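Chemist: Given next are the chains, with one letter for each unit.
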Amino acid sequence: MTVAEKFQSIQDAAQAHVAAQESRTRIRVGVALCGHAAGAFAVLDALRGEAASRGLDAAVQEVGCIGFCYAEPLVDVQAPGGPRVFYRNVTPQQVPTILDAVASGRWQDAGEVLGTLGEGSVDSIARIEDGDQWRLQARIATRNCGSVDPGDIREYIAAGGYAGLAKSLSDMTQEELIEEIKSSGLRGRGGAAFPTGVKWGFLQGSNRPNKYVLVNCEEGDPGAYNDKGLIESDPHTVVEGTIIAGRATGANYGYIFIRHGHDGPIDRAKEAILQAYEQGLLGEDILGSGFSFDMEVALTGDSYVAGEETALMEAIEGKRSMPRFRPPFPAQAGVWGNPSNINNVKTLAYVPEVVRLGGEWFSEIGYERSKGTAILCLTGDVNYPGMYEVPFGLTLGQVVNDIAGGVASGGAVKLLQTGGPLGGVLGPDSLEITLDYELMSQAGAILGSGGIIVASEDVCAVDLAWNMVAFCQYESCGKCFPCRLGMTHLLDTLERIASNAGRAADLDLMRTIGKTMGMGSLCGHGQLGFNPISSSLRHFEEDFRVHLEEGRCPTGSCTARFHRPTRTSPTAVAGWYVEEGAGTTPKA
Amino acid sequence: MADDALRARIVRAVTEQPQPTVTVLSSLLAIEDELGWIPQEAIEEVASRQSVTQNDVWAVASFYPNFRFSPPGTHMVEVCWGPTCHLMGAQRLLERVHDALGLDGEGDTADGAVTLRYNTCLGACGQAPVVSADHHLLGRASAEAVDALVAGLRAAGRNGGHQR
Chain G
136 MTVAEKFQSI
146 QDAAQAHVAA
156 QESRTRIRVG
166 VALCGHAAGA
176 FAVLDALRGE
186 AASRGLDAAV
196 QEVGCIGFCY
206 AEPLVDVQAP
216 GGPRVFYRNV
226 TPQQVPTILD
236 AVASGRWQDA
246 GEVLGTLGEG
256 SVDSIARIED
266 GDQWRLQARI
276 ATRNCGSVDP
286 GDIREYIAAG
296 GYAGLAKSLS
306 DMTQEELIEE
316 IKSSGLRGRG
326 GAAFPTGVKW
336 GFLQGSNRPN
346 KYVLVNCEEG
356 DPGAYNDKGL
366 IESDPHTVVE
376 GTIIAGRATG
386 ANYGYIFIRH
396 GHDGPIDRAK
406 EAILQAYEQG
416 LLGEDILGSG
426 FSFDMEVALT
436 GDSYVAGEET
446 ALMEAIEGKR
456 SMPRFRPPFP
466 AQAGVWGNPS
476 NINNVKTLAY
486 VPEVVRLGGE
496 WFSEIGYERS
506 KGTAILCLTG
516 DVNYPGMYEV
526 PFGLTLGQVV
536 NDIAGGVASG
546 GAVKLLQTGG
556 PLGGVLGPDS
566 LEITLDYELM
576 SQAGAILGSG
586 GIIVASEDVC
596 AVDLAWNMVA
606 FCQYESCGKC
616 FPCRLGMTHL
626 LDTLERIASN
636 AGRAADLDLM
646 RTIGKTMGMG
656 SLCGHGQLGF
666 NPISSSLRHF
676 EEDFRVHLEE
686 GRCPTGSCTA
696 RFHRPTRTSP
706 TAVAGWYVEE
716 GAGTTPKA
Chain F
7 MADDALRARI
17 VRAVTEQPQP
27 TVTVLSSLLA
37 IEDELGWIPQ
47 EAIEEVASRQ
57 SVTQNDVWAV
67 ASFYPNFRFS
77 PPGTHMVEVC
87 WGPTCHLMGA
97 QRLLERVHDA
107 LGLDGEGDTA
117 DGAVTLRYNT
127 CLGACGQAPV
137 VSADHHLLGR
147 ASAEAVDALV
157 AGLRAAGRNG
167 GHQR
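As you go down the protein sequences, you meet chains G and F in turn. To convert, count from 1 in the first sequence and add 135; that's this note's numbering. To convert, count from 1 in the second sequence and add 6; that's this note's numbering.
No lab work stands behind these hints: they were computed from the structure. One or more hints might be untrue.
The following label-pair restraints were derived from C-beta to C-beta distances [unchecked claim]:
| id | chain 1 | residue 1 | chain 2 | residue 2 | range |
| --- | --- | --- | --- | --- | --- |
| 1 | F | T21 | G | T701 | 32 to 38 Å |
| 2 | F | R98 | G | R673 | 28 to 34 Å |
| 3 | G | E431 | F | R98 | 37 to 43 Å |
| 4 | G | A327 | F | S57 | 54 to 60 Å |
Coverage of chain G stretches by chain F, computed from C-beta distances (three or more under 8 Å per stretch; other residues unrestricted) [claimed, not checked]:
| id | stretch |
| --- | --- |
| 5 | 200-214 |
| 6 | 352-365 |
| 7 | 436-447 |
| 8 | 518-527 |
Keep in mind the model is a prediction, meaning the values are calculated, not measured. Ideal Cβ placement from N, Cα and C applies to all residues, glycine included.
Work out the full structure, taking the sequences as your base and the hints as a guide.
Modeler: Encoded structure:
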């Protein structure tokens, strides 16, 4: 059998399975992190219990995040052949009413309805597709999120999944694959926006026997959860993208790198890899193509810097996640000295569709040199926080106001915090900025990994800067002293200013420290560690001035006390310290 | 717990890691999953099985702040203090939790029932502010909800909890 024939038989089986599912009423519950936090598991348990006790002929399924975090827990009910009807903010108590409505067909009676999704209509319920929140999106990487069961590879395959991999194995050479990615204009979504095809080319050029594709889901940026959201909601698009990257670059092994403790994404990723093995889409001689590729999940401890590419490799090797000197670059000597290629989760999530539909198709979406979409997490003081995938070319104002519904507490937007703590803040004029790597960079804005936190005029810029600097200080790995000591001094100074005990020279002091950090640090953590303060001073120096000169907080949001974690040092326990004469050699 | 039983659990956690790549860090994480903390015996086992010095293991264990070196409380409360949660009132929630637990920061309650940690991001920013109890997330956490949650854990005392 050819690769295409083998894949066809896998696809046929998956489609038959899904077709059988679709002949029953389906009830889906979003149980990704946001749903979990909103109480979705209690709703899921209640639905399963109630459906079983009624003997209801319906499939109750877990799905991931459709992006409307504000409406979680979301439950959607789909009769055979009909659209999905979404109930929002569902409680376990509401479950019997929803099932009554399913039985009677009186959908509107069961609770607050968000709308319908999919072909057809139900009563007079509004279609989600007609609202700006959906219309302004272009869901490519998130195409299946909230729709497929992330724990069932057959649903992903039936939705067109792994067709890109099959195509890459049967019809395309390595060079053609890399050319396809280059022509798509896809750029890395971890923050650096480096052209993905070019990066893959670096690895392809090496003929060492062991080569790695690393998937970065460390995602330490507070305020961003799109990497975890993607892995939790549609892990197979990431697994497939990784295998295709392996095929294109001639790599033989892939690691998905996730922070320990994020059980949802970790469990989904592990399960997806196992299922891909079971279907023969991972392992030896994939689909009889002669190409072999293995994958596993690697975990890190709590460390923000572990998301930096060379520190990530240290953590995979089981060491402290501290950045390495470059050169050598990862494509030359990465994990265990072997050539390695590191991609953000989102970048790889696009790859299956780019290969299946072609680079040209992808390159027509987006704006200028920013092709495709941005996957944004809009949070903070907005009406509709959520995870939205929008084409480049929208303005930040469209995103904040038309999609996220503007400021929730009333009043105007004061600042946007974008691109993680190191990205810094923007003023209200930033709402005019177009989502585009080049235009954003010219405007001093960093898209980073896609987190956008909105704050109203009730917030003092010093207060938010304190939070970001406290984070950066806590997370400095300590390797470069300008970062380790600089962040500590910046934090001390900022706490002094916030508590109205600042000194006239403090702003200049912080600028001097920031400059030193920029010059003397190995990785972005120290290089950009002054951004939270420099950007706050650029847009909101007045807030600092009021603290320094008038001895008060301009908005009253700076509290007198600063609760933040402090780096833990091992608690001394009697008898732990090395026995006399043992020195530092191991007992074992 | 008898030393032998403790060591047996450590050895099992280290040797039964399902993934192909086993390292110092992966072994420590497996032990943390099993015990909730890293005893000296764990440092010894990991050093000997990974053929590195105990110093090397300590270097890794003391670097990542998720590792602790004494048994944690039976229940784990984590309060997110990331920027989104900060804007949505995390500092006030922290004070509330401190008061309810009789703590002044991260740490363990005197009765050993509850450990409090600050988390840099629990990953559910759309539901800020977020707290977690024994790995169950609670979003849009109000002061009252946090009070109820802490009261529930205190009532459970040394029963249940996050340890396996």
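Chemist: Tell me the numbers of any earlier hints that the structure contravenes, in ascending order.
Modeler: Hint check: 4 fails alone, others pass.
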